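One line per chain: the protein sequences are Y and W, in this order. Residues in the first sequence are numbered from 24 upward in steps of one, following this note's numbering. Residues in the second sequence are numbered from 3 upward in steps of one, following this note's numbering.
No lab work stands behind these hints: they were computed from the structure. All values derive from a computational prediction rather than experimental measurement. A couple of the hints might just be wrong.
[Unchecked claim] Among the chain Y residues that face chain W by a calculated CB cut under 10 angstroms, a handful are:
id, residue
1, ASP146
2, ARG150
3, GLU153
4, LEU156
5, THR301
6, VAL302
7, GLY303
8, GLU356
9, LYS418
10, ARG419
11, MET422
12, ARG423
[What the hints assert, rightly or not] Listed next, the in silico SDA-like pairs over lysine to any residue satisfying Cα-Cα at most 25 angstroms (straight line):
id, chain 1, residue 1, chain 2, residue 2
13, Y, LYS420, W, LEU46
14, Y, LYS351, W, SER22
15, Y, LYS56, Y, GLU84
16, Y, LYS417, W, TYR233
Note that beta-carbon positions come from the ideal geometry of N, C-alpha and C, so glycine has one too.
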Amino acid sequence: MIGYALQNAQANSQIALFDGSQEKMLEFIGKLKKDPILRKSVFGKEDIELLKNWAVQKGIESQRLAIFCEPNALKEALKNYSNVKNIKTSPVDVLLRNGKAAVQAIIPLTIFFFLVLFLVLRDKLPRPDEIILGIILAVVGMGLFNVGIELGLSKLGNSVGSNVPSSFTKISLINERQTIINFNEDIVQTAIKPNGEKEKFFYANIKNEYVPIPFVQSAYDASNKQYIYTPTKGPLLGEEKGILGFFVVLLFAFIMGYGATLAEPALNALGLKVEELTVGTFEKSLLIQAVASGVGIGMLLGVVKIIWNVPLAYLLIPPYLLLLIITKISTEEFVNIAWDSAGVTTGPITVPLVLAVGLGIGNQVNVVEGFGMLSLASVCPILAVLTVGLYVNKKRKAMRQENA
Amino acid sequence: MDIDKKAIEITIFANKEIASALLEDLESIGMEYSNSIAGRRVLLQERKGLFKMLGTGKSLVYDPITIITFLVSSEIEQTIINFIIKKGGLNIPGRGTVFSKEVTLIKAHELCQENKIPNIEIENRKLLSDLAGICCIAHSGEGDILGRVGLETGSGVPAITLGIGTGFRDKIGLWRVAVPAEKEIVNLVTTAHNVEKVMEMMIDIGALDQPGKGFIYLYPIKMGSVNMKAYVGLSRQAASIEQIVTVIDEIKGGARWRRREFSKYPAAGKKIKYLKDLVNFTLICDEGRATDLIKAAMDADARGATISKLKYRGTKKSESSKISPAREISEMIISENQIERVVKALEESGALDENTHGQMFYSPVPKAYTYMGKA
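Bound conformation, chain Y alone:
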């Protein structure tokens, strides 16, 4: 999470992860400089060059100083790193790291089950060849699944999440931030708006094109003669903070929550088990649709929370109160399934996507952080499944009354 925030979030969001204390954040960056294992956990590699490159490309002044210690070293680094693009992680490294994580997750659990089966229960494996093949496939599958999430789905979620607010507001494209060295304030010019308001700007040659760039005093570091240019985008649909833009973001949140849940393997497993235990009377597809719609609504509420900065308690307490009432009037069969559905929504596909989108939108609308969405994406599926349960029970009751 910290690694994600350092690389994608704005400084105020990064500080939020350190209890709002800049000192604690700088202390952590100092540790990053010294501790290669910590660097690996944050940046995926021990290489200190990655940290230096990050500081030059994305760090704020205080972060850079924490890494380079003194201004001259920083100046030298700016020359060396300012044109270096992000160092890409090798797919082999990603594969090995995720493979190791899969082994670490599955093998100890398997050993535990074997020990219980052989030593405590004194039983034997029913179909050893099938089970061993299954464990091998689980390790390989989990490893590849994690690689897929890391390289594909998570990055796509980051990219979409950080860009989607551009539909209703102007956003800063932090990942496209560039440092212009040897900047001279003499090139700054003044423009005037029809209402007489004045604006400063300068021309930059980007990819052989002369582009006018608004001049922001806070982005200029006079001592190092550098200007940090952050491109902007939006609003793409109508005016700033227009209804159409908000509607698109909310619709996106719903569809993303709904779609991610349909792909969730844990939900599929729960659906199969429920179908088996109810001998098909509670169909898997009905459960999956109910949970997916619930997660979609939860995501939508989560985005409402982030955009309008609504306190989480206002969004969580009413549904939980409603849940207590519906739980009381529902049958045990549906209550158990509904509450268990909440757990499977926080699975390996939904979580990275929800967090990525939440943080992405949070950054762009200057909310300290985008957490809290998962809690809403957990409560709404329970409500959805219980509501479906009430409907199914009503139908069954009507059927019984017909034959009474």
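Dock chain W against the given chain Y, drawing on the hints supplied.
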């Protein structure tokens, strides 16, 4: 413990709530134990709104049911069935089915004999005796397609349960992981004179003449009362068609007058080569033991079995309450001359020991069908 005697297996298909109340009623008159399997019955429902306008036909709806089975002696058979009909209101269409089947109890643990229920005073109404059952074991997900045959032809309401298939899967080594073991078992009780036609239709619809698609067999029923209400919804007439049929059955003294031709599903046009004079060998044992026992039976030439989970319920007063409620039922279709070998293999594998509490019985299967390879 050797027995080898005739007994009656009573089977009830009823809605969960009705079944639960019936069990208590049966225990109150001295039933010592029963076995229950969770299942679903499938019913037709007229589509509403846009779907109705599009003419997309009828949809299927599911109702959770419990299938209760228990063994009794033949002397009390009719009394018990009448008691069940009266207490469960099973004479009202839509509430459930009850029937009896003659079985031969071969060997059983001493706690698993037939129920010794004392005779009770009850009005003995005439029960239908020209009934027969169809049991079809197909892949998971095929149950609705097969069950729909019974609904669409007005033959009966199917009861579907789940099971695990063994046999073919165990002969192909590790490749078995590619063949799903989960099966759906469709049970349909209908009139004896229509049963073969319905069976033909099910073979056709379920493509059971294709390799690995499933197994279907007929079983004789001694007497019973059948639920015929195949749809959801109230009748717009003073009496529903099922109520009228029930009354005519009573007047005519049977269901033979209902014999008819079915034209909706044309026969496959192939001459079906049935397997004849087989038996349905049933083994009921404690959970976790069936896999090993079936392996032993297969080593003794049984071709395969379907294993389902069973909930055993013994009354607190009786010795039978010592048996674990988690049980398994395994059904194998074998020829009569295989019975002895299979029983011996099961006995040697501990089917009657204190960890298994086995019960073995069989009933006749006059006709069965599955793909047997190209002739």
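Hinted pair, alpha-carbon criterion (25 angstroms max): LYS351(Y), SER22(W). Please report holds or violated. holds (23 angstroms)
Report holds or violated for the interface hint on ASP146(Y), using the least CB-CB distance to chain W and a cut-off of 10 angstroms. Status holds, d = 8 angstroms.
Answer holds if the nearest beta-carbon of chain W is closer than 10 angstroms to that of ARG150(Y); otherwise answer violated. Cβ of ARG150(Y) sits 8 angstroms from chain W, so the hint holds.
For the restraint on GLY303(Y), tell me whether the closest CB of chain W is nearer than 10 angstroms. This hint holds: GLY303(Y) lies near chain W, its Cβ roughly 5 angstroms from the closest one there, short of 10 angstroms.
Cut-off 10 angstroms, beta-carbon criterion: hint that LEU156(Y) touches chain W: Holds. Min distance 6 angstroms.
Minimum Cβ distance from GLU356(Y) to chain W below 10 angstroms? holds (9 angstroms)
Classify the hint on VAL302(Y) as holds or violated, based on whether any CB of chain W lies nearer than 10 angstroms to its CB. holds (5 angstroms)
Please verify whether LYS417(Y) and TYR233(W) have alpha carbons no more than 25 angstroms apart. holds (17 angstroms)
Measuring from the C-beta of LYS418(Y) to each C-beta in chain W, is the shortest one below 10 angstroms? holds (7 angstroms)
Next item in the hint list is MET422(Y). Is there a CB on chain W closer than 10 angstroms to its CB? holds (6 angstroms)
Against chain W, is ARG423(Y) within 10 angstroms by beta-carbon distance? Holds, because the Cβ-Cβ distance from ARG423(Y) to chain W comes to roughly 7 angstroms (cut-off 10 angstroms).
Taken at face value, is the distance from the CA of LEU46(W) to the CA of LYS420(Y) at most 25 angstroms? holds (16 angstroms)
Going through the hint list in order, the structure satisfies each hint without exception.
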